[in-house]
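S.K.: Sequence:
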Amino acid sequence: MTVQPIRLFGDPVLRTPADEVVTFDKELRGLVRDLTETMRDAGGVGLAAPQIGVGLRVFSFDVDDVVGHLINPVLHFPDEEEMDGDEGCLSVPGLYYDTKRRKNVIAKGFNESGDALQIVGTGLMSRCIQHETDHLDGVIFIERLDAQARKTALRDIRRADWYDPSRTVVKVSPHAAPSPFGLGR
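Under this note's numbering, think of the first position of the sequence shown as 1213, with each following residue one higher.
No wet-lab data here; the hints were simulated from the structure. Every residue, glycine too, gets a C-beta built ideally from N, C-alpha and C. Mixed in with the good hints there might be a few duds.
[Said to hold, decoys possible] Just the calculated beta-carbon pair ranges, DEER-fashion:
| hint | residue 1 | residue 2 | range |
| --- | --- | --- | --- |
| 1 | Lys1363 | Ala1328 | 29 to 35 Å |
| 2 | Glu1232 | Leu1366 | 28 to 34 Å |
| 3 | Lys1238 | Thr1364 | 40 to 46 Å |
Put together the whole structure using the sequences plus the hints.
M.R.: Next comes the structure, spelled out in structure tokens:
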């Protein structure tokens, strides 16, 4: 087991959707151990593989003394109930924002041996599963905030001592800007 460096906001790997795991082998088991050890060392409740620079659909969690991992998660929501609450991220250290999430989730996937696994989560476990699955989809939790809160979060990130603007990549739209006369190019 090795504690790995955690990638911070601005690293392109955090914005890239992760690939499905297709091989359940010793290397994958090592990744799961590294994720768990790194998460515990950082004091987190969850950690996704992209956060340590690995583009695979794997995350670990430690919520209310339940420690585990999930590979290739697929989420289902049994109801429409939502919850608000502070949410943070090891890739956005020290910053927390009120984030709306679904209160209940059923997550299906696999364990490190390739056996089917289902986790029923409510409250913090539900928040963790949704947050980590977002990482696997290339989504950072601040994208879930309303426009004003997101603006505040981005300002706070720019002011954080860990922030490095040279790491931040701004995506440019591949679509041509409309003509000022509404006539295309």
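S.K.: Each hint needs a verdict: does it hold in this structure or not?
M.R.: Hint check results:
Our hint of 29 to 35 Å for Lys1363 and Ala1328 is violated, since their Cβ atoms are close to 42 Å apart. Separated by about 31 Å at the C-beta atoms, Glu1232 and Leu1366 satisfy the suggested range of 28 to 34 Å. Range check, Lys1238 to Thr1364: Cβ separation about 44 Å, and the 40 to 46 Å hint holds.
Taken one by one, the earlier hints fail for this structure only at number 1.
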